[in-house]
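Trainee: Listed below are the residues making up each chain.
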Amino acid sequence: MIEFEHVSKVYASTVSAEGVQALDDVTFMIQKAEFVFVVGPSGAGKSTLLRLLVREEVPTEGEIRVGGKNLLRLRRRSITRLRRLIGVIFQDGRLLPDRTVFDNVALVLRVRGAARDDVRWRTQQALRAVGLLPKEGAYPRALSGGERQRVAIARALVREPVLLLADEPTGDLDDESAGEIMELFKVVNTRGTTVVVATHEQGLAARMRQRTIQLMAGRVVKDSGGAV
Amino acid sequence: MSRVSFLLGETGLTIRQSGWISVVAILLTALSFTTVGLFLWLARTLGNAEAHWRGEMRIVAYLDDEANAQSLLQTVRGWPEVREARLVTKAEALERLRGYLADRRELLGSLPSNPLPASLELGLAADAATPEETQALAGRVGRLRGVDEVQYTAEWVERLDRWRRVLSAVGLGIGGFLALAAVLTVTTSATLATHARRREMEVMRLVGAGEGLIRGPFLLQGMIQGIVGALVALGCLAAAEIVLAPRLAPLLALTLGLEPVTFLSPLDGAVLLAGGAVLGGLGSLLAVGRGMRP
Ligand SMILES: Nc1ncnc2c1ncn2[C@@H]1O[C@H](COP(=O)(O)OP(=O)(O)OP(=O)(O)O)[C@@H](O)[C@H]1O
Ligand SMILES: [Mg+2]
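In the order they appear, the protein sequences are chains B and W. First residue of the first sequence: 18, per the numbering used here; consecutive thereafter. First residue of the second sequence: 835, per the numbering used here; consecutive thereafter.
If you are wondering where the hints come from, they were derived from the structure by calculation, not from laboratory data. Keep in mind the model is a prediction, meaning the values are calculated, not measured. Among the hints, a few may not be true.
Partner residues are not named here, just some residues of chain W that face chain B (Cβ under 10 Å, in silico) [what the hints assert, rightly or not]:
#1 S836
#2 R1033
#3 M1038
#4 L1040
#5 L1047
#6 L1116
#7 L1119
#8 L1120
So, partial list: chain W residues that the calculated Cβ filter (under 8 Å) puts toward chain B [as the list claims (entries may be wrong)]:
#9 R837
#10 F840
#11 G933
#12 A1030
#13 E1034
#14 V1037
#15 V1041
#16 G1042
Computed footprint of chain W on chain B; a stretch qualifies when at least three of its residues, placed anywhere within it, have a C-beta under 8 Å from a C-beta of chain W [said to hold, decoys possible]:
#17 124–134
#18 147–153
We treat Cβ as the ideally placed atom computed from N, Cα and C, and that holds for glycine.
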């Protein structure tokens, strides 16, 4: 499903002339329907790794394949099509401020031209799953941090993605809510979705007893399974 | 279908966000179209007057009393520039004069003999009804034996023509200038809007929205601004017609012998609306068109 081959990412930086090395010669492979945690301290490169997967960023070196397709070779239309198969929960949420909770979640269905009834039904399903159906008419600014995060989760799940990328999905949630969300991810995973969760909470990953790729300063320092 | 309604919804959002600058764009479009409309109306009125007078353009050749009127008539009828030729005999001329004088006919009773000359009235073929042709033809008629004097009117029709051209040029010039301003305002408004929504557009891209869905709304917004501007212009022109037409009608009838033409035909309206759409579309295309693929 996902292949990283000697991937490095250097960001241009205002701090140092040679830039910031966010990822350094990263190689791993994730099979279809795997559930993988990417862990590491702040600044280790977790978000960068996920951003490369949706082609929000391009690698400085190396190759990335998703579903057998080399991301660097894709044309814009193919990238759009690929993104429709991926559900992303961004670390910073990225909800659209001038749309209601409902519209934020429905957006990802509408952009691929889903029928109105279908949009209504699926969006409400997804909001119910994260416990936010009562707030479907609210605007993001009127939500708590945790609620916003749950909207972002609903948005990522509503399309029943082939690949779910979650960047600190439970950072703003209490342990109980976080546990519920993880259970939700597990259900999605058993239905065949490949799940990649980035988090700095080692404990969370350990509790879930799933494969864990550990990053440190941009390098893979440990991979608890999977073919490298 | 659902994608279309989504696109329209997005466009509505874009319009609501852009606020006063889209009002400015609409007003400039309206101003431009109203200006062009008014000048074109003036030009068209003059054009009608000109056509009217060209149709009336005649050469009158007065014959001396010895002239062989019938053979002259045959001669001029043989010329291609002459659409029609008519002989007005001395008797007919007197009869006409009687008609004009109406109740003061007794003035004519005392005349010893008919003092009026016979004349040939020539109507010109449509393609010969230009001032130059008329003048040339009048010259030829004047050189015929038996023709005493030639009269024709052409010069001021020419002047009318010049005015019409000047008015069209001025109208199109000012209108074009304002249209350019309108296009640039639409461009500015779309650029500002894309900047304000840059983050949002990026998120939409990341969740798999195609470029058409992301930029389409700006294009549609521009076109809608243009069309609304055109509608406002149509309203202004219609109002102008209602206010001005009754006042201008007597003046026009007096000076040009014309009914005023109506300002706007349905076709004009359609052209104006299409023009608005094109103008607005062009404006936003300048802002968001770069790198856009169908
Ligand atoms: N757009 C950017 N421009 C420059 N440097 C960046 C950019 N994004 C990230 N970096 C740098 O790259 C490194 C890795 O960042 P990244 O966001 O991937 O870390 P992370 O593991 O997600 O950290 P966190 O747990 O705090 O979210 C950091 O040193 C960061 O400063
Ligand atoms: Mg991060």
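Trainee: Next, verify each hint and record whether it holds.
Mentor: Outcome of the hint check:
no.: 1; hint: S836; verdict: holds (5 Å)
no.: 2; hint: R1033; verdict: holds (8 Å)
no.: 3; hint: M1038; verdict: holds (7 Å)
no.: 4; hint: L1040; verdict: holds (6 Å)
no.: 5; hint: L1047; verdict: holds (6 Å)
no.: 6; hint: L1116; verdict: violated (24 Å)
no.: 7; hint: L1119; verdict: violated (18 Å)
no.: 8; hint: L1120; verdict: violated (21 Å)
no.: 9; hint: R837; verdict: holds (4 Å)
no.: 10; hint: F840; verdict: holds (5 Å)
no.: 11; hint: G933; verdict: violated (79 Å)
no.: 12; hint: A1030; verdict: violated (10 Å)
no.: 13; hint: E1034; verdict: holds (5 Å)
no.: 14; hint: V1037; verdict: holds (5 Å)
no.: 15; hint: V1041; verdict: holds (5 Å)
no.: 16; hint: G1042; verdict: holds (4 Å)
no.: 17; hint: 124–134; verdict: holds (count 9)
no.: 18; hint: 147–153; verdict: violated (count 0)
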